[in-house]
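A.B. asks: Here are the chains, one letter per residue:
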Amino acid sequence: MSGVNSPAPETAASRGLACCHVCLKLSPSTAHSCGLCGASLHTRLPDSRQRTIALTITAALLYIPANVLPIMSTVQLGNATDSTIIGGILLLIHHGSYPVAAVIFVASVIIPIAKLFALTWLSWSISGTHGVAHRQRTRLYRATELIGKWSMTDVFVVAVLVALIQLGGLLIITPGPAALAFGAMVIVTMLAAESFDPRLIWDQEERQHG
Amino acid sequence: MADAKPKVSERRRFSPIWIVPAVALLLGLWMLIYTYQNQGPEIEIVFPTASGIEPGKTKVKVLDVNVGLVRSVSLGEDLKSIVVKARLDKEAEALLRDDTEFWVVTARLGTSGVSGISTLISGGYIQLSPGDAPATRTSFVGLPEPPVTPAGTPGLKVELIGDKAGSVTAGDPILHKGFPVGRIESARLDVETEKMLYSVFIEETYQKLVNSSTRFWNTSGISFNATADGIQVETGSLLTILIGGVSFGAPTGVPPGEPVANGATFDLHPDFASVNRHPYRVGLEYIVRFDQSIRGLRVGAPVDYRGIRVGRVEEILIEELSISGAGEPIPVLITIQPGRLMLPDNEAGAAQMRNAVTNSVALGMRASLATGSLITGSKYVALDVHEREAGSVLGNYAGRQTIPTLPSGLEGLEYQISGLLSKLNDLPLDRLANSAADALQSADRLLASQSMQELPVTLDTTLAGVRETLDSVSGDSALQEQLSVALAGLDHSLESIRELAITLNEQPNSLVFTRRVSPDPIPPAGIR
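Order-wise, the sequence lines are chains A and B.
Count along the first sequence from 1, then add 22; that gives the number in my numbering.
Count along the second sequence from 1, then add 842; that gives the number in my numbering.
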């Protein structure tokens, strides 16, 4: 009865129902625990916004060492060279490997920054009132969740190189501290995206129209 | 629908998730503070070129241990040098002293071997040689070349002054009895004096071998020398023939001197022979001026006094000559070394020697050129006392005393002949001739006199008388016969006297008692 184009879609919460986080069974929101699996019942993910903001800030903090510290150390004939993410991209451009440079640039710089901004904006937007359609925000959230795992490309490249290139005294590649920071940052952004409850977008929609 | 709206309880509590960013922030801050606190000093080194230095890659090493990294390389303000900024580790801060030295280590192919091979593949690095001066600093001037011995190595550093570079270069060994005991650290040409200056490092163990009477000489290559003493060929070990070297030792017959301090200077002699030729430190300078060709007289040629070596020729003062103009005697600077005459080799000996020379010149000592070797035609300065020159004094020329000279060679022959002629001149030949003429005249008069004319007749008469006398004693004359009879009687008498003498000898009492003849003794037989 409530169509897709309806400006204020009916939600389970508005009907006094809550969805179990574990088994997805709808129960009355007055109940404290799920009648099926016994998990505690919440209408929305608890402290979703706070968690998202906190984890986003953590990710932003981790992003600093991930870019400042060397991500990879190349020991070529006893001559160790440290390279940061940006330094590696510049080196690839210098050598003419534009596609690889572009992939790494997008995966390691664009996507993490975009994710951080997206999460910040989503967290901010659910509190205020503004005209961006909830549908767009939901799309943005989905995109953030989708591309989140792909931003591990850089860590993946380092992992592959470290595993493959161990040529004794000729060439050794070891991961740098930035790899850890970068990996942690990607995980934290994924957790932040996970802890964001997209239903909060609906709630805001409801408040605006209701 | 609206009535079914549930009450959503908004829990406005502070979520524990905020611990995560707080921890991340604290960790980040701690890392920042830790890094800042453990950050060593940043130093500035000025190098002539940036060859082999790359920012972010080139390391600063002490004894092959990394202590820092080059941060940036930029041109100096004068655009003629480069400024390297390097960040050192905290523990390396103590190494930065006033006399700390830096140089770039790259592969080097030198006469003393190949070094820095490892830098061919790993790239060069900046070597830090720790100093031990009390003062610290953070701005340095890098060495263009690696020092042969790092600063602070215990040992003796002395300076050598040589006439020409020859085959001695930095890094060459210093040998004592053929064994390497040190190295030449640097060599440079002093523009003012046009002498080569060498910094020499002697290892601590062998430091005491060097004293004030030590002489250094070049043992590089092959030395071929034709001098007044003949022709000499001299070589060192194969190594020194190839790469050169400097030896030191005491010259023959010179007692060891006092120990020397860092920075003492020594002369670098071209070869060992010249050390023995020139083993004395103190020499009196004199000028001798030759009014003849000095062809064959070389610097270093001996100065002899009656065959005893007393000094050497130091220099032929051409510049003085050009002032005085053509036709002037050629001034030659010689030194007379008191040490050669067993006088002390110091100022006291020099004063003694100066007196002796002054006295000798007053007695007629002169210098002359003499030929040392007919093959090479080399000359030396001979000093000798010529009595007829007695009473001369030392002259003065170009600020130095001069010893008067005598010409030698063909010029000397001329001189001697002229001396002879002047002696002949001095003879009273005319008076001699006059008295001879007088004597001849009186002889003439004597021969022409009357008694002289009668002399032959008188002689004839005398000779006839002599003949008569001789005839009277000839073989068959009566005188002869009587004489032989008398002689026979005398012979007989002498015989009987002899017999009497024998008897008296055997039995002296026979004059009183009759002579008894004892029987012949018979030797006893059969008794054993």
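To be clear, the hints were calculated from the coordinates, so they are not data collected in a lab.
A couple of the hints might just be wrong.
Just some of the chain B residues that point at chain A, by a computed CB distance under 10 Å [as the list claims (entries may be wrong)]:
no.: 1; residue: M873
no.: 2; residue: G898
no.: 3; residue: S1220
Far from chain A by the CB rule (all over 10 Å, computed), these chain B residues [to be verified]:
no.: 4; residue: S857
no.: 5; residue: S964
no.: 6; residue: N1351
Here are the in silico distance ranges between beta carbons for each label pair [claimed, not checked]:
no.: 7; chain 1: A; residue 1: L192; chain 2: B; residue 2: R979; range: 39 to 47 Å
no.: 8; chain 1: B; residue 1: V983; chain 2: A; residue 2: F139; range: 47 to 55 Å
no.: 9; chain 1: A; residue 1: L192; chain 2: B; residue 2: G918; range: 52 to 60 Å
no.: 10; chain 1: B; residue 1: G1105; chain 2: A; residue 2: H116; range: 47 to 55 Å
no.: 11; chain 1: B; residue 1: A936; chain 2: A; residue 2: G190; range: 14 to 22 Å
no.: 12; chain 1: A; residue 1: R37; chain 2: B; residue 2: L871; range: 32 to 40 Å
no.: 13; chain 1: B; residue 1: P986; chain 2: A; residue 2: L113; range: 40 to 48 Å
Even for Gly, the Cβ is constructed at its ideal location relative to N, Cα and C.
A.B. asks: Which numbered hints turn out to be false for this structure?
C.D. replies: Of the numbered hints given earlier, those the structure breaks are 3, 4, 5, 9, 11, 12 and 13, listed in rising order.
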